[in-house]
Amino acid sequence: MKKKLIVIITLVFTMYCIPHGNAQDKDKSSEEGVWLKDPITGCSIWNSSPTENESISWSGTCDDKGKASGNGVLVWLENGKIVGRFTGTMANGKAEGMGKLYFEVEDGFAQYNGDFKNSEMHGRGLLIFPDGSRAEGDFKNDHMNGYIKATLADGSSYEGEVKNNLPHGEGHQITPEGEEYYGDFQNGKRQGRGTLLVPNGDTYIGQFKNELAEGTGTLKTVQGDQYEGAFKAGKPNGKGVFTAFDGDVATGQFVNGEPDGIIVFNLKNGKTKEETWKNGKKVAP
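Mind the numbering: the sequence shown is residues -23 to -1, 1 to 262 in mature numbering (1 follows the signal peptide of the UniProt record, and there is no 0), read in order.
Derived by calculation from the structure, the hints in this document are not laboratory data.
All the pointers check out, no bait thrown in.
Within a straight-line C-alpha distance of at most 30 Å, the following computed DSSO-like cross-link-like pairs (lysine-lysine) qualify:
#1 Lys166 to Lys212
#2 Lys94 to Lys44
#3 Lys209 to Lys250
All chains should be built: construct the whole structure from the sequences, respecting the hints.
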């Protein structure tokens, strides 16, 4: 029952943080970033992650300290090529409040519409990537944090709690293969208690660890068979009870999904028998 976890969205904002400006217009007033100045308006923009060969253009006004302020359009360029655009409100040279951001990624431009604080995505917002993948919900300090609804171009989706861009807490996940999982996540992995619906019709309800069934749980197959008991590494491991679709019941130890050891059978005809099994094969009556 090894199942692949689909990591929802790893946000790499290499072109973000409301950056960019010409090297000779950089005021190195902070070890953590620089102020960039529009050569035409003279307004300064805060950039926490500067790169080389940048320039900016700000269409709005400056405050009395020369910082970009009010509504306007901020454009970043590298070697004269547009690599980002912010439309919205600036306060003290930083994006603040509602705004719309376009930023360059490997396969085009991504878009964020929503709240900003100190030039970071912070509050409610919608993030859309060039391939159509999207995430809508709560953002904090440029990361998805809170409740997020995400859909990816490959058909997978996630709705639930997120911490630092990864599923963390309760969530509902659908993979490209059609697996459906409801339950607990930790750091992007299925961990805790959950329900897994497999495309072939099998269902597992129980504990998970590192994406796999581990602990106690119940597996029901589409044929009507059921195993209830201990799991490890995604398979029945330990003491359990297997109930066949015809009503026969086998109780005992299981190793890697196979009966192993003394197995007690309670048959549907009322009879009981005890057998010894090894690696899924009967070795003694």
